[in-house]
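Engineer: Chain by chain, the residues:
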Amino acid sequence: MIIKIEGLSYIYNQNTPFEMKALDNVNLVINEGEFIGLIGHTGSGKSTLVQHLNGLIKPTSGKVIVDGMDTSGDKKDLLKIRQKVGLVFQYPEHQLFEETIYKDIAFGPINLGLKEEEVNQRVKKAMESVGLSYEKLKDRSPFELSGGQKRRVAIAGVLAMNPKVLVLDEPTAGLDPRGRDEILGRLKKLYEEENMTIILVSHSMEEIAMLVNRIIVMHKGKVAMDGKTRDIFKEQSKLEELGLGIPQITQFMREYRMKGNQVDDTVITVEEAKNELIKYLRRKGND
Amino acid sequence: MIKNITIGQYFPADTMIHRLDPRIKIIIVFMFIVSLFFITSFYPYLLILAFIMLTIKLAKIPVRYVLKGLKPLMFIIVITFLINIFMTKGEVILEIGPLNITKEGIRQAVFMALRLIFLVIGTSLLTLTTSPISLTDGIEKLLTPLKKVGVPAHELAMMMTIALRFIPTLLEETDKIMKAQMARGADFESGNIINRAKNLVPLLVPLFINAFRRADELATAMEARCYRGGDNRTRMNELKLNRNDILAISISTIFFVSIILTRYIDIRGIL
Chain A
1 MIIKIEGLSY IYNQNTPFEM KALDNVNLVI NEGEFIGLIG HTGSGKSTLV
51 QHLNGLIKPT SGKVIVDGMD TSGDKKDLLK IRQKVGLVFQ YPEHQLFEET
101 IYKDIAFGPI NLGLKEEEVN QRVKKAMESV GLSYEKLKDR SPFELSGGQK
151 RRVAIAGVLA MNPKVLVLDE PTAGLDPRGR DEILGRLKKL YEEENMTIIL
201 VSHSMEEIAM LVNRIIVMHK GKVAMDGKTR DIFKEQSKLE ELGLGIPQIT
251 QFMREYRMKG NQVDDTVITV EEAKNELIKY LRRKGND
Chain U
1001 MIKNITIGQY FPADTMIHRL DPRIKIIIVF MFIVSLFFIT SFYPYLLILA
1051 FIMLTIKLAK IPVRYVLKGL KPLMFIIVIT FLINIFMTKG EVILEIGPLN
1101 ITKEGIRQAV FMALRLIFLV IGTSLLTLTT SPISLTDGIE KLLTPLKKVG
1151 VPAHELAMMM TIALRFIPTL LEETDKIMKA QMARGADFES GNIINRAKNL
1201 VPLLVPLFIN AFRRADELAT AMEARCYRGG DNRTRMNELK LNRNDILAIS
1251 ISTIFFVSII LTRYIDIRGI L
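So the sequences go chain by chain: A and U. Heads up, the first sequence stops at 287 in my numbering, and the numbers go up one at a time, no gaps. Heads up, the second sequence stops at 1271 in my numbering, and the numbers go up one at a time, no gaps.
Since the hints were derived computationally from the structure, they do not count as laboratory data. Just so it is clear, CB atoms sit at the ideal spot from N, CA and C, and this is done for glycine as well. Heads up, some of the hints might be wrong.
[To be verified] Computed beta-carbon distance windows for the label pairs:
1) A:Gly243 - U:Ala1013: 57 to 65 Å
2) A:Lys75 - U:Ile1162: 20 to 28 Å
3) U:Val1201 - A:Lys164: 26 to 34 Å
[What the hints assert, rightly or not] Derived DSS-like pairs: lysine-lysine, alpha-carbon spacing no greater than 25 Å straight-line:
4) U:Lys1071 - A:Lys58
5) A:Lys58 - U:Lys1179
6) A:Lys189 - A:Lys238
[To be verified] Just a sample of chain A residues kept apart from chain U, beta carbon distances all over 12 Å, derived:
7) Asn31
8) Gly55
9) Ser61
10) Ile65
11) Lys75
12) Arg82
13) Tyr102
14) Lys138
15) Arg180
16) Leu184
17) Met210
18) Lys220
19) Asp231
20) Thr266
21) Gly285
Okay, chain A solo, but in the shape it has when bound (with noise of 0.2 Å):
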């Protein structure tokens, strides 16, 4: 295990007319090696669940433990909590500031006190996992680049703190096609090669279901539902019942059963349902 929320609760703006609890009695428990997809509704309280994990937000109750440590205990441990886990926010972009992509991105490292070859290795690395030719764009400024390439500069700036966990809100808002499918590829390599533990709010439940093996729901505050991916979009109603939905392919399973086709309605990504759909009308052929 390596993150451990016990009876979280958060409370925006406590003791003034806006107050708004906006965490109540969460408790859950990520354990090394998963790829957690976190969704929910607008306001369901994702972005509030990802800013504890790394100390950003104090609990107003309850406990975050982060590889053994207190995000709200000595201060000294803030920064090797946040070092561990790493957290991009929505539109990470928003945040560069640095002449050079090199700049930018070596400023989790110095922060971190590293020495200047560690700092470029870190540099380096970071901007390979991320597609980005060191070579070629370390002397660029970022803001000269495209959308999707600034917002791959500002998850290097986060990769290159070495973190063990990957925490991401909405990656790919607001990027074309193409960005979008880099972004989803660089994270797959991640978990599948780097070993890397990721959490990924996502409001698509395509990009859920291609990626990740848990799925955590939240609603109002709470954890609605927390369970193995296929098993969560099996309960179609309860998901919508919470604003939310399952994936297109799924859907049309689905629906494609219900017109008397025996298929196998738990295929949630479209590669396995090509497969299936061979697999059916094979079948069907031989009778």
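Knowing the structure of chain A, use the given hints to seat chain U on it.
Structural biologist: Chain U alone, transformed into the frame defined by chain A:
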């Protein structure tokens, strides 16, 4: 931490004070500020305090909430206090090394600190009880007669509306960028002044870039809706004075004129 700033923040409620015409409230606050500078002795401050407490009570704002508005200015207040206490010449009470504390110094320091505190509280009461939109409406209306001498009343009001509108947005954005940089190990809370200023660069650069981008977008959006300045523009809700407004302005005028008069007439003599 950044969200604790109450200056310029509206405290929504439906009370007598909230319903007053914004023009009346602006004039009252103006009289309040002017009269503060006429005060030369302590007892008028008691009257001012009573006036403020009454307003807070009527507006149903928690006192703690009003006092929170002082926090960001505490530094200035303390500095003013210290300068006054050490720099005023007069009858020496205490000597600390090269510094002298005088009787006059103490009096002056307390006096200035009180004046600053009342200034901040008084003006923040205006913004706490008046929504930004009605506040700028009030300013525009008050400045309209000055249009004849070339004061761009509408433009000023529009600038204020936009500025006020973007305070929460910018605060939110500051909070977000701050957190994003903190997630990368940035430290905004420790170190000496020079280091702290340096550490602000990763915050200020993105903040400015985003603000310019937003300004650009807003200008385009306004043009797309045919904004051509305020000429011939009509309003859905015209400001109208009612009995309460007249009552409030009359009472306040009498009150503040009396406060100003305390400078010239010794009330204790009359009593």
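Engineer: All the hints need checking, so say for each whether the structure fits it.
Structural biologist: These are the hints, each one checked on the structure:
As the Cβ distance of Gly243 of chain A to Ala1013 of chain U is approximately 32 Å, the hint placing it in 57 to 65 Å is violated. About 39 Å separates the C-beta atoms of Lys75 of chain A and Ile1162 of chain U, a value inconsistent with the hinted range of 20 to 28 Å. Separated by about 29 Å at the C-beta atoms, Val1201 of chain U and Lys164 of chain A satisfy the suggested range of 26 to 34 Å. Between Lys1071 of chain U and Lys58 of chain A the alpha-carbon distance is near 22 Å, which keeps this suggested pair within the 25 Å criterion.
This hinted pair checks out: Lys58 of chain A and Lys1179 of chain U have alpha carbons roughly 12 Å apart, not beyond 25 Å. At most 25 Å may separate the alpha-carbon atoms for a hinted pair to count; Lys189 of chain A and Lys238 of chain A exceed this at roughly 32 Å. Against chain U, the non-interface label of Asn31 of chain A holds: every CB pair exceeds 12 Å, the least being about 22 Å. With a minimum CB-CB distance of about 9 Å to chain U, Gly55 of chain A fails to clear the 12 Å threshold, and the non-interface call is violated.
Consistency note on Ser61 of chain A: stated as away from chain U, and its beta-carbon is indeed over 12 Å from all of that chain's, at 19 Å minimum. Consistency note on Ile65 of chain A: stated as away from chain U, and its beta-carbon is indeed over 12 Å from all of that chain's, at 18 Å minimum. With a cut of 12 Å on Cβ distances, Lys75 of chain A falls inside the contact zone with chain U, its closest approach being about 9 Å. For Arg82 of chain A, the shortest C-beta to C-beta distance to chain U comes to about 6 Å, within the 12 Å cut-off, and the non-interface label is violated.
Consistency note on Tyr102 of chain A: stated as away from chain U, and its beta-carbon is indeed over 12 Å from all of that chain's, at 15 Å minimum. For Lys138 of chain A, the shortest C-beta to C-beta distance to chain U comes to about 18 Å, beyond the 12 Å cut-off, and the non-interface label holds. The non-interface label for Arg180 of chain A is consistent with chain U: the shortest C-beta to C-beta separation is roughly 21 Å, beyond 12 Å. With a minimum CB-CB distance of about 21 Å to chain U, Leu184 of chain A clears the 12 Å threshold, and the non-interface call stands.
Every Cβ of chain U is farther than 12 Å from the Cβ of Met210 of chain A; the closest lies at roughly 26 Å, confirming the non-interface assignment. Consistency note on Lys220 of chain A: stated as away from chain U, and its beta-carbon is indeed over 12 Å from all of that chain's, at 22 Å minimum. Listed as a non-interface residue, Asp231 of chain A keeps its Cβ farther than 12 Å from every Cβ of chain U; the least gap is roughly 32 Å. Distance check on Thr266 of chain A: its Cβ is at least 37 Å (rounded) from any Cβ of chain U, clearing the 12 Å threshold; non-interface status holds.
For Gly285 of chain A, the non-interface assignment is confirmed: its Cβ lies about 55 Å from the closest Cβ of chain U, beyond the 12 Å cut-off.
In summary, the numbered hints that this structure violates are 1, 2, 6, 8, 11 and 12.
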